[in-house]
Amino acid sequence: MTELIQSLSIPGPIPTGTSMPFWKAAQLGELALQRCSDCDAWFFYARTHCPHCWSHCVNWHAASGTGVIKSFSVVHRPGHSAWAPAAPYVIALIELKEGPTMLTQLLGDGRLSARIGQGVKLCCVPVGQFTLPFFELTGERGSA
Amino acid sequence: MMNRSMGVIAGVSELRSMRRTEGATTLDYIMDAVIQAVDDAGLDKDAVDGLLVGPQVGETPQHVPATVAEYLGMQPRMANVVDLGGASGAGMVWRAAAAIQAGMCEAVVCVLANVREAELPRSPNRNPIREFDVPFGASGANLSYALPMQRHMSEFGSTPRQFARIASIARQNAQLNPNAIFYGQPANIEDVLASPIIASPLHLFEIVMPVAGGAAVVVTSAERARSLKHPPVHLLGAGEKVTHRAISQAPSLTSGPLKPAMLQALTRAGVNAADISLLSLYDCYTIMVALTLEDAGLCATGKFGLWMDDHSFGHDGDFPMNTHGGQLGCGQADLAGGMAHVVEAVRQLRHEAGPRQIPNARTALVTGNGATVSEATALILGADE
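Just so you know, the protein sequences line up as chains A and B, in that order. The C-terminal position of the first sequence is numbered 144 in the numbering used here, with every residue numbered one higher than the one before it. The C-terminal position of the second sequence is numbered 385 in the numbering used here, with every residue numbered one higher than the one before it.
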């Protein structure tokens with residue numbers, strides 16, 4: 001699956017100055033998230049201000065890269081034709097250990113029989129110009 | 001009667017659903033829909049002094065109201081874009097009434113229309129969804145409904161058959177609407193379950209068919225409506241709520257912004273959801289209807305399927321719902337698909353719905369939903385009493 005995805009010509013991210021640390025971390029195989037220094041809330045996706053308290057004191061931190069599946073869908077007919085050769089593939093919402101939810105694709109064994117509540121961990125894969133933060137099953141039952 | 005009128009829907013129109021419209025322009029469809037709605041209201045062109053349009057007019061990305069007004073030969077005193085996705089139609093109605101109450105204008109035409117060609121242009125897009133969702137293969141609307149649906153099934157034990165019933169009801173009701181794209185093509189629960197899985201757990205027949213079309217309504221004051229040709233259909237309550245844009249940012253996957261929007265509309269109107277004559281519920285996907293029934297308080301959260309087992313949803317049922325076939329039966333004419341729910345409510349409350357007329361229809365709940373279960377508008381409409 002990983003090799004197949006790497007062979008696709010898919011629409012990649014278009015980072016902004018604000019979000020670039022997220023993509024640079026992914027290139028190093030890490031998940032970076034922002035956290036507000038004033039209200040301590042973690043948030044996703046990248047912003048210049050905390051969406052909870054509007055403080056501008058936000059900093060990037062290395063996140064655990066773990067979480068649980070909040071929901072998922074096995075995509076048989078992709079919305080973008082570039083993804084057609086990879087179908088069926090699994091899109092999932094991950095409730096990260098730090099709190100925020102992000103959307104990703106599941107890779108690795110067992111992905112097509114994934115269930116809500118299962119634990120997942122980061123698995124970064126270079127695709128085109130960028131490295132994307134995919135996730136894979138850990139084989140552990142999460143807590144959501 | 002119920003609480004005081006916020007305004008009146010005096011005219012309506014809808015264009016027939018069409019799969020392809022090569023060579024046609026959105027502006028032409030807008031003009032068709034506007035002319036028919038203003039004629040239906042019994043107003044002269046020059047009496048319409050307000051214009052609300054949607055953001056997606058193929059011929060122009062900017063200055064949409066001015067472009068449309070110029071094409072129509074109108075010089076409105078109030079003009080604006082309502083950009084709430086599928087909630088735009090319902091969202092226009094209360095905005096028109098508010099503008100009239102503020103003395104800004106006297107009669108507003110609210111219009112949505114679209115063409116459909118084989119090669120649709122893709123707009124440049126730099127929003128967070130494009131950056132954080134699309135690169136993973138999450139393009140298009142289907143996933144934003146498949147993910148809440150999977151969560152609903154996991155959390156509450158709802159079943160594919162319960163969701164399929166919603167689609168089959170829509171197809172059944174569409175058999176009394178010659179404008180519907182699925183007129184002459186009913187589908188039972190087995191047919192829905194036999195249609196291909198597009199993005200699990202969504203089957204093809206649980207997803208709206210994209211079509212071209214258009215719909216418009218004319219809103220005026222209760223006073224002005226007295227001298228017009230149709231019985232007034234009053235706006236009795238309205239509510240709106242926007243909670244997020246990307247599905248990953250949804251505060252909940254099993255309850256949406258329609259919950260507070262419907263509560264506000266029902267409270268303003270002074271009516272109970274269970275007493276409504278017509279449920280005109282935005283139905284881009286089966287899960288949307290399930291969530292709306294639960295968020296309206298008609299049944300307990302997670303229990304829509306069991307509740308539906310005890311009721312019937314045709315024009316002659318105990319809970320008439322989307323008697324025109326909804327968008328699952330009519331096809332979704334882009335944003336006009338949402339406005340069609342307003343148009344059907346007006347037809348029922350005027351008692352001019354013909355073979356699908358609900359006996360003694362007095363009130364309607366109209367819902368609109370946009371983006372990723374994230375933009376919501378609810379209206380309560382009432383017959384003149």
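Rather than coming from a laboratory, the hints here were simulated on the basis of the structure. Ideal Cβ placement from N, Cα and C applies to all residues, glycine included. Do not rely on the hints blindly, as some may be mistaken.
[Unchecked claim] Part of the chain A face toward chain B, derived, beta carbon under 7 Å: (1) Ser7; (2) Met20; (3) Trp42; (4) His80; (5) Ile91; (6) Leu103; (7) Thr104; (8) Leu107; (9) Lys121; (10) Cys124; (11) Leu132.
Q: Provide an ascending list of the numbers of those earlier hints which the structure does not satisfy.
A: 1, 2, 3, 8, 9, 10
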